[in-house]
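Protein chains in written order, with the working numbering: chain X, 1 to 448; chain U, 1 to 305.
Hints were generated in silico from the structure; no laboratory data involved.
One or more of the hints may lead you astray.
[Stated by the list, open to error] DSS-like, lysine-lysine: derived pairs with alpha carbons at most 30 angstroms apart:
1) X:K373 to X:K353
2) X:K137 to X:K335
3) U:K193 to X:K433
4) U:K113 to X:K241
5) X:K433 to U:K82
6) X:K235 to U:K73
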Amino acid sequence: MPKQSSGRRKFLQTAGAASVGLAFPYIRTSYAAGSLSVAFWDHWVPGANSALTEVCQQWAKRERVDIKIDYINTQGNKLQLAGTTEAQAKAGHDVLAFVAWDPLEKASSLEPLDDVVASLEKQYGKIVPAMEYLGKKNGHWIALPSPTGTQVKPPCARLSVWKQAAGIDFQAMYPAGQKPTAEADNWTWDALLKAAPKVQQAGHPIGLGLGQTTDSIDWVGALFHSFGADLVDAKGNILVKSNPAVTQVLEYMQQLVKHMPPDVFAWDDASNNKYLISGQGSMIMNPPSAWSVAKRDNPKVAEDCWTFSMPKGPKGRFIPYLPIILGLWKFSKNKSAAKSLLHELWQRDNVEKYDIASNGYDIPSFQSMRDFKIWSEVSPPKGTVYHYPPRDDQTTWVSGAPAPANVANQMYVQSIMTKMIAKCTQGGETIPKTLDWAASEIEGYART
Amino acid sequence: MAIALPGQRAARRGGLRRLARRKSTVAFLLALPLILLIASLVVYPALFSLHLATLNKSMEHFVGLGNFEFLFKRELFWMVVKQSCIFAITAVIFKAFTGFVLAHFVHNIPTKKQRKWRGMLLIPWVIPPAMSTLAWFWLFDPSYSAFNWILRAVHIGDVNWLGEPNWARASVILVNVWYGAPFFLIMYLAALKSVPEQLYEAAAIDGANWWQKIWYVTLPMMRNIISITVLFSLIVTFANFDIVRILTAGGPIDQTHIFATWAFKLGIEGNDIPLGASVSLFMFPILGVAAWFILRDISQRGNEA
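I would like the entire structure built from these sequences, with the hints used as guidance.
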C-alpha cells in the first residue's frame, strides 16, 4: 500500500481531534489519486497566481493527484458566467471560485464543507462572521473563503493634503506596526463630513464612488450599517420606511456629495483608482491596488498615501468586505482530493506565501492570520498598508447584510443603496419619495 | 420475417434514385448542415429560454406566466420597455438618416474615388463593437473625458456624459448610430445605384428640383430596401447589449437599461435566470409585430407592382 503523505496524515490527526468520533469520508486510507480540475480567481497582481500554483502543484505531487488549474478573471462577469454554466451543465471544474453571493444561490449544487471548516477553525480560530454570512446555509458550510482575492476596502488618503488642509494626521492616528492611537476614536463619519470641504477647497476633493460597481456598493453598505440604516432585517422584514437611520444616512450623503466630483455617480471600479493615482483626489475607499499602481505610475502620490480604518458611525466601525469564495461541486468525481486541497490552501505558511506574492492585497478570513510581516514591510512610505487588514474595533461587513441571502443578493446586484443616494441627490427626489421607491423595489427582490 | 423479392428491391432502388435526383431533395440535403446548425444554435436555445421563463427563481417549479405577471407589476420593467423603445427607435431613425445622406454623398463622388470613401466610412461597422465602444468610453470618461478637455479649451463647462441620465442616453444612442450607420450607407448606396438614370432625366425634363427628385424618384424606388434595413436594424438595435453594457452598464439610476442589459443584470448577475429569460423574451412579441407590419407592407407593394 502506498505510504500516506505526512501532510494528509497531519490533516487527518487535526481533523480527528476537531470532531471526536467523526470519520472523514474524504480521507482515503490510500493516496488520493485521480485528477482534479480547479478554477481560481485570476489575480490582478502580477506573480500572485504563481504562488498559488506552486502550492497546488506541491500538494498534487505529494498526493499524486493530476491537477489542472485555470485562472478566470471577473472582467465581463466571466467568473459568474462560469459558475452559472457549470451549475446548469453539472460539469466543469471540481472546485470553482465564486464571487460573493453566488455560492448561496447555488447551494443545492455545492458539497457541504463542514468537515474542512471544522478542521481549519480548530487550527486557526473562527472564520470571520461576514464570511459565515456568505458561506453558510441552513447551518452548513457550503463554501470556503478563498485565500486569494478576498479584499476589504478601507480609506486610502493623501497624508500631506489632509494634514495641511484639514489638520488630520492619519499616520499619527494609525502608526505603522502599532495599534491605532486614542485619537483614532475621533475618526468618524462626521469628522469626514467636516474635513471634506476643506480638502475640496485645497483642490483635492475626496472621491467615493456612487456608481453600480462593487467599490461603490461596498463602501456605501458599510456606511449604511454604521448608521444602523439596515434596509431589511435578518428575517426579511423591510425596514426602509420604518428605520429612521435610513433617512439620517441619506441626509448625511446629501451633504457629503456636495464635496465630491459630480461624476462619482458614473464611476466604475477603475475610476476611484485613477482619481487617486492622478493626484486629483485626496481619499478613496479601496484595497491597496490604487497605491500599488501609483508606485509605478505616479511615485510621488504613492509616497504620500496611507491606508487606515473606516470612519466610525453611531453603530460602530464597519469595513467593506468582498470575498472570493471557493466551492466544491456536488458533481465532482474527486471530492476527497478537492477537500484535501482546500484544507492545504488555507495552511498558514501557504497563505503567507500568497500574501507576499500579492504585496499584502489578499485578506485572510481568519483573524489569526492578519499579522503577516508583509503589511509592515511594504513601502513607500513604510507601513503604508499596515492597517489594511481589519483589526481592533473594525468589523468586516457585507453590503446588504443582514438581509436574507436572496434579498441581499438582489440589493447588492441592483445597487439599491447607491441608487437611493443618487435619487435623492443628483436625481432631485425627496427623501420620502426615495424611500417609497426603495421599499417597492425591495419587495420585488424577495421572490423565490 | 418478410423477404424482399428481387423485383421489389429493384423498385426500391429506383425510387431512392428518383428521390436523390429530385432538385428539392438535393437542395434539402445541401441545406441540412445549416438547418442543423440553426436548430442547435437558435431553435434549441429559443425553446429552452421559453422553458426557463416558465420556472421559478430556483428553477425547481413550473410557474407558467408567473414571471411575466411579476414583471408587469414592476415600475422598473416598464421603464426598461420605454427606454428600449426610445433607444432603438431614435437610433434607427438617426442611422437611417445618416446612412441616406452619406450614401448620396458617396454616390455623387466620381467612381474612382468612391472606393476609398466607401472603405473609410465602413470602418466603424467592421471594428468589433466591444472594442470601439471602449474607445468611446475613454472619450466620455467620467473624470478624464477627451470631449470635456476640448470643451474646456473653448471655455464651455464639462458635460457629465455618462453620469447624467439624459446625456447618458444621448451618448449610448450616439455610439450606436456611429456603429450602425455604415450598414445603412452600404445598403442605400447599392439601392441608389440600381435606380435607373432615365427616371432622373425624365424628372429633370419635367423641371423637378433636387428635393422633388428625391421625394418622387429616389424614395419610392428605395422604399423596399429602406423597409428591410429599418426592420433588420430595429431587431439588432432592440437586442443591443455591448454598447450600453460597456458605456453605462444601465446607469445612472437604471436610466439607460435596455432589455438585454437588464436581462443580464437579473439573470446572470442576480442569479435569477428565469426572470432574465422572461425579460429577453419580451422583445420577441414587440419585434414580431413590427416585422409583421413591415413585411406586409413590402409584400403588398410587391403585389401592386
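Hinted pair K433 of chain X and K82 of chain U, Cα distance within 30 angstroms: holds, 21 angstroms
Hint consistency between K193 of chain U and K433 of chain X [alpha-carbon to alpha-carbon, up to 30 angstroms]: violated, 58 angstroms
K235 of chain X paired with K73 of chain U [C-alpha distance capped at 30 angstroms]: holds, 24 angstroms
Satisfaction of hint between K241 of chain X and K113 of chain U, Cα-Cα up to 30 angstroms: violated, 67 angstroms
Satisfaction of hint between K353 of chain X and K373 of chain X, Cα-Cα up to 30 angstroms: Given that 30 angstroms is the threshold and the Cα spacing comes to 11 angstroms, the pair holds.
Pair hint K137 of chain X and K335 of chain X, alpha-carbon separation not exceeding 30 angstroms: holds, 19 angstroms
Hints 3 and 4 from the list above are not met by this structure, while the remaining hints are.
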